[in-house]
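**Q** Here are the chains, one letter per residue:
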Amino acid sequence: QKEVEQDPGPLSVPEGAIVSLNCTYSNSAFQYFMWYRQYSRKGPELLMYTYSSGNKEDGRFTAQVDKSSKYISLFIRDSQPSDSATYLCAMKNTGRRALTFGSGTRLQVQP
Amino acid sequence: EAGVAQSPRYKIIEKRQSVAFWCNPISGHATLYWYQQILGQGPKLLIQFQNNGVVDDSQLPKDRFSAERLKGVDSTLKIQPAKLEDSAVYLCASSPELQETQYFGPGTRLLVL
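Protein chains in written order, with the working numbering: chain P, 1 to 111; chain Y, 1 to 113.
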């Protein structure tokens, strides 16, 4: 079993839709949770960063962490064609500074 | 602020040849990471440096991969000899001291034929 599971998609939605992206994980030591966006042939770009449980909002993006269920989510409101990319969840514990990534979900927002 | 720089952007080699990648992190970032991203997968850590010392190289295939970070700034990753399964994107990332966020470069796309 992988430490971090993520549905690969592709997920196709119309412009303006609310998008929900999710990851589950098995390592209860993970304390830091991140979402990266990766456009084709580019490096990952940090979108959201959350410590421990709770919600965090930044513009059209909301990240949620439920440590009791080992489940994290990223919501995108009013999705735009420019949001079309692969979204990677990543997490780490306090001791090890490297990230453990999910396999990524490919999102396509249709105009 | 300039981002993480990597070169070359693309490389095609034949199996059993050697190849080297270069990374220049964001100025002042103490920690440098090399990740391997195989098509359809998330990045996987190969090696982590703190300044010029190795923190974690537990997933680096040391029989063929090597990396160094001279003077705690630039880093090179080498593969010798390359295998078909080394075809991937090699990502370099850096982070400031005492911060958890990592900043990624554009990657080097390697194809081994």
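A portion of the hints provided could be inaccurate.
To be verified - Subject to a maximum C-alpha distance of 30 Å in a straight line, what follows is the list of computed DSSO-like cross-link-like pairs (lysine-lysine):
#1 P:Lys92 with Y:Lys44
#2 Y:Lys11 with P:Lys42
#3 P:Lys92 with Y:Lys15
#4 Y:Lys44 with P:Lys42
#5 Y:Lys71 with P:Lys70
#6 Y:Lys44 with P:Lys56
#7 P:Lys56 with Y:Lys62
#8 P:Lys56 with P:Lys92
#9 P:Lys2 with Y:Lys62
#10 P:Lys42 with Y:Lys15
#11 Y:Lys83 with P:Lys67
#12 Y:Lys11 with P:Lys70
#13 Y:Lys71 with P:Lys92
#14 Y:Lys71 with P:Lys2
#15 P:Lys42 with Y:Lys62
#16 Y:Lys78 with P:Lys42
#17 P:Lys67 with Y:Lys44
Please keep in mind that the hints were generated in silico from the structure rather than gathered at the bench. Small disclaimer: the values here were computed from a predicted structure and weren't measured.
**Q** Which constraints among the numbered hints does this structure fail? Numbers only, ascending.
**A** 3, 5, 7, 11, 12, 14
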